[in-house]
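Peer 1: I would like the entire structure built from these sequences, with the hints used as guidance.
Chains A and B are the protein sequences, given in the same order.
According to this note's numbering, the stretch in the first sequence is residues 1 to 366, in order.
According to this note's numbering, the stretch in the second sequence is residues 367 to 863, in order.
Honestly, the hints are just simulated from the structure, not real lab data.
Far from chain B by the CB rule (all over 10 Å, computed), these chain A residues:
id: 1; residue: A52
id: 2; residue: S79
id: 3; residue: Q183
id: 4; residue: L270
id: 5; residue: P304
id: 6; residue: D324
Restricting the straight-line Cα-Cα distance to at most 20 Å, the calculated cross-link-like pairs of lysine-lysine (PhoX-like) are:
id: 7; chain 1: A; residue 1: K176; chain 2: B; residue 2: K535
id: 8; chain 1: A; residue 1: K239; chain 2: B; residue 2: K594
id: 9; chain 1: B; residue 1: K633; chain 2: B; residue 2: K644
id: 10; chain 1: B; residue 1: K535; chain 2: B; residue 2: K594
id: 11; chain 1: A; residue 1: K360; chain 2: A; residue 2: K326
id: 12; chain 1: B; residue 1: K702; chain 2: B; residue 2: K644
Note that the Cβ used here is the ideal one computed from N, Cα and C, for glycine as well.
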Amino acid sequence: MEFVLSEICQQIMAARGAERPVYICGGRSKDFYGEPFQGGSFPDIAVLDMSAYHGIINYHPSELVITARAGTLLSELESALDEQNQMLAFEPPRFGSASTIGGCVASGLAGPRRMAAGSVRDFVLGAKLLDSTGMVLGFGGEVMKNVAGYDVSRLLAGSMGILGALLEVSIKVAPKPPLERTQVLDADESRALELFNQWRGLPIAISATAWSQGKDEGAGRLYIRLSGSEPAVQSGVRKVGGEQLPDGQAAAFWNSLRDQTHPFFQARPLWRVAVPPQTAPLRQGPTLVEWNGGQRWLSGVDSPADLRAAVAARGGHATLFRYDSKPADVPVFHPLDDGLKNINRRLKQELDPVGIFNPKRLFPDF
Amino acid sequence: MNDTSISRAAETAPDFAGLISRLAGVLPAHCILSRVEDTRPYECDGLTLYRSLPPVVMLPENEAQLVAIMQGCKALNIPIVARGAGTGLSGSALPHPQGVLIGLAKLNRIKKIDPQACTAVVQPGVRNLAISEAAAPYGLYYAPDPSSQIACSIGGNIAENSGGVHCLKYGLTVHNVVRARVVTIDGDVIELGSEAPDAPGLDLLAAFIGSEGMLGVVTEATVRLIPKPACARVVMASFGSVEAAGQAVTNVIAAGIIPAGLEMMDKRAVHMVEPFVKAGYDLDAAAILLCESDGTQEEVEHEISRMEAVFQQAGATRLQVSRSEEERLVFWAGRKNAFPAAGRISPDYYCMDGTIPRRHLSRVLNAIEQMEDEYGLRCANVFHAGDGNLHPLILFDANQPGEIERAEKFGAAILELCVQVGGTITGEHGVGVEKINQMCVQFSREELDFFSAVKRGFDPYGLLNPEKVIPTLVRCAEYGKMHVHGGELRFPDLPRF
Chain A
1 MEFVLSEICQ
11 QIMAARGAER
21 PVYICGGRSK
31 DFYGEPFQGG
41 SFPDIAVLDM
51 SAYHGIINYH
61 PSELVITARA
71 GTLLSELESA
81 LDEQNQMLAF
91 EPPRFGSAST
101 IGGCVASGLA
111 GPRRMAAGSV
121 RDFVLGAKLL
131 DSTGMVLGFG
141 GEVMKNVAGY
151 DVSRLLAGSM
161 GILGALLEVS
171 IKVAPKPPLE
181 RTQVLDADES
191 RALELFNQWR
201 GLPIAISATA
211 WSQGKDEGAG
221 RLYIRLSGSE
231 PAVQSGVRKV
241 GGEQLPDGQA
251 AAFWNSLRDQ
261 THPFFQARPL
271 WRVAVPPQTA
281 PLRQGPTLVE
291 WNGGQRWLSG
301 VDSPADLRAA
311 VAARGGHATL
321 FRYDSKPADV
331 PVFHPLDDGL
341 KNINRRLKQE
351 LDPVGIFNPK
361 RLFPDF
Chain B
367 MNDTSISRAA
377 ETAPDFAGLI
387 SRLAGVLPAH
397 CILSRVEDTR
407 PYECDGLTLY
417 RSLPPVVMLP
427 ENEAQLVAIM
437 QGCKALNIPI
447 VARGAGTGLS
457 GSALPHPQGV
467 LIGLAKLNRI
477 KKIDPQACTA
487 VVQPGVRNLA
497 ISEAAAPYGL
507 YYAPDPSSQI
517 ACSIGGNIAE
527 NSGGVHCLKY
537 GLTVHNVVRA
547 RVVTIDGDVI
557 ELGSEAPDAP
567 GLDLLAAFIG
577 SEGMLGVVTE
587 ATVRLIPKPA
597 CARVVMASFG
607 SVEAAGQAVT
617 NVIAAGIIPA
627 GLEMMDKRAV
637 HMVEPFVKAG
647 YDLDAAAILL
657 CESDGTQEEV
667 EHEISRMEAV
677 FQQAGATRLQ
687 VSRSEEERLV
697 FWAGRKNAFP
707 AAGRISPDYY
717 CMDGTIPRRH
727 LSRVLNAIEQ
737 MEDEYGLRCA
747 NVFHAGDGNL
757 HPLILFDANQ
767 PGEIERAEKF
777 GAAILELCVQ
787 VGGTITGEHG
797 VGVEKINQMC
807 VQFSREELDF
817 FSAVKRGFDP
827 YGLLNPEKVI
837 PTLVRCAEYG
847 KMHVHGGELR
857 FPDLPRF
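Peer 2: As structure tokens, then:
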């Protein structure tokens with residue numbers, strides 16, 4: 001076994017022996033996300049640094065899959081894809097140059113194209129995992145269709161590292177669209193959501209949408225990105241109307257949403273709400289809408305309990321995405337019903353019986 | 367005793383009478399079948415090689431009845447096997463000889479088609495194609511289209527993570543089912559996934575889809591509907607060698623094209639289906655590709671011309687583009703009728719389902735050709751070329767002594783080859799009972815233990831579809847002992863029990 005990997009295994013075995021948890025990290029660009037780990041309950045928590053375990057292992061562009069070690073920089077991986085005119089279709093946020101592919105999969109966060117292309121887990125084809133005994137386990141693989149055993153690699157997407165340390169991931173990649181154009185039109189939030197409802201069922205090549213109401217945006221502006229072949233984009237433009245945003249500006253705008261550098265994301269606390277996309281305006285203060293209405297960012301939430309009740313009543317959930325300080329009784333992630341929580345807890349107990357991996361990062365109590 | 371393995375269900379004779387009396391007043395008598403003439407139709411699924419008569423069949427009409435059955439079985443330690451339409455090809459719905467078979471055919475309502483949200487809310491017994499039919503007036507459809515889509519149910523599709531010919535572009539069941547309402551073995555009703563883009567906690571829906579009925583029973587699901595493309599056309603291209611056809615597939619993808627469907631048939635498959643469907647297939651070709659484009663009229667024309675150019679460059683010996691919807695369906699008819707055509711030229715056939723990285727296609731097909739001599743059986747190959755999913759159809763005659771065994775060994779050797787080249791033993795049919803031995807080849811003991819642990823997270827008592835998918839340690843040891851790579855069995859003349 002290679003030195004870096006054997007070091008990581010040793011650390012896990014030692015942690016398990018001492019019943020001392022480890023905090024898995026890659027580029028540490030997403031330390032802010034999830035329950036705070038420096039909460040005092042584990043004063044001498046050890047850091048399991050995956051960044052030294054890096055490198056692209058396999059990339060055959062015509063197979064539409066890339067396999068890389070968890071510590072591989074997202075930027076390195078994306079530039080390899082870029083050379084072949086391919087991309088990660090879920091557009092994961094890059095919270096800085098240190099972001100790794102392991103962190104990207106473990107956090108399960110996606111960017112503007114998610115509404116059209118799918119989520120992180122939709123693109124995960126395989127994973128290697130270090131379990132709580134320090135054993136390397138492989139699930140899935142590099143093929144699109146694979147139903148041998150449970151789909152563990154997809155379960156790991158968004159698991160926040162609580163089931164083990166991701167070592168390697170295989171991800172389906174997509175060709176870049178030959179053409180992209182962004183149209184902008186004036187619309188308030190209700191109108192924007194109404195338009196999403198009209199467009200959703202039509203064959204229009206929309207790859208991203210956003211509605212915001214910044215300082216200079218009056219009642220609000222609706223941004224629509226169309227992607228695909230020339231005829232598909234042209235017919236899309238005719239259907240959605242509005243004015244074209246120059247390409248440079250458009251790219252900067254979508255990147256600012258993807259990487260969350262847009263001014264709206266500077267607010268604290270910042271809430272992320274996921275609701276069925278056709279949900280009417282939430283009326284919970286300043287809002288930025290993405291994903292055809294499915295993802296909504298809120299910057300002026302007074303009562304987390306009221307917000308969560310309102311969102312749950314509409315079939316969604318609310319995450320305290322970024323915060324300066326957090327009241328102890330407000331979990332970062334939306335609390336689960338008992339039956340569901342039960343299974344989450346049992347899975348954690350079964351797969352990490354000593355509880356060494358990222359305790360309390362995903363759930364406030366385990 | 368602190369035993370970490372899943373407890374073996376029902377070591378003693380199950381108390382079916384106790385279960386039935388417990389359910390009195392909840393589950394009407396007509397929903398319980400126990401006479402052999404009534405239970406016989408449930409003795410196997412689409413894989414008829416394996417049969418087991420279920421002692422009791424229960425057909426709940428609503429969720430409350432299902433909850434009561436699950437609670438009753440848990441209380442009395444009775445194994446449960448859930449079944450949809452019974453079209454599965456790996457024996458996942460094979461009844462347990464000491465368990466209850468739950469048929470979900472009566473939960474067959476489409477509860478809602480929401481054209482604005484582009485979703486449908488359906489019960490598990492709804493047929494796959496019925497969803498698209500109900501959505502058609504709104505210009506929408508449900509994308510995954512397993513070949514059994516006329517008959518198979520969405521509940522079964524969820525259990526198997528079913529695919530179809532359009533997966534490369536539109537995804538599998540896991541990409542198109544957004545929410546499942548599930549009854550657990552504890553009788554809890556839980557919601558996995560969400561009609562919102564995601565749900566809090568672990569992504570249990572991802573683990574549930576394709577779990578072959580071992581984690582819970584679905585009572586309702588929300589599926590994604592997508593706009594029906596205005597137009598679809600298919601290019602049919604002939605190639606002089608399997609290698610050239612494989613290269614053409616690679617070149618299409620490398621050109622940045624994601625075809626709506628991309629299928630390959632080898633010479634034997636073409637010769638098998640042509641007399642059956644008369645689609646005008648090129649009988650001189652070593653391999654035929656069917657490559658479909660869908661979208662608006664303009665998009666399709668644009669894409670078809672790009673596809674044609676790629677195939678021409680790759681050395682296609684004949685190229686034809688469908689000129690009408692009728693012709694498109696004729697081109698597809700051969701591919702879609704490959705299985706019945708196999709049934710026409712051979713008394714029996716055995717369909718394999720390995721997936722391989724596409725670049726190893728010719729290597730695998732050549733190896734399969736050699737195996738034909740080795741096992742003395744013929745094999746026709748149809749291939750979801752776009753996603754690497756290979757369906758070798760091994761032709762045999764069950765009435766000839768030894769042919770079943772040879773077919774099974776031939777199949778096992780193909781699957782192991784798929785694993786060797788970095789693929790998998792099953793792309794879309796599932797493991798069930800059929801490929802349980804090959805699980806020992808694809809996974810290590812520790813990986814199989816991990817699956818068992820996931821299973822216990824949902825079903826700590828091991829009552830849901832026991833003895834499927836995850837082989838026991840003993841089974842793998844036996845298989846390992848008996849088995850030698852390359853398919854040669856030691857002392858082939860000795861009887862084995």
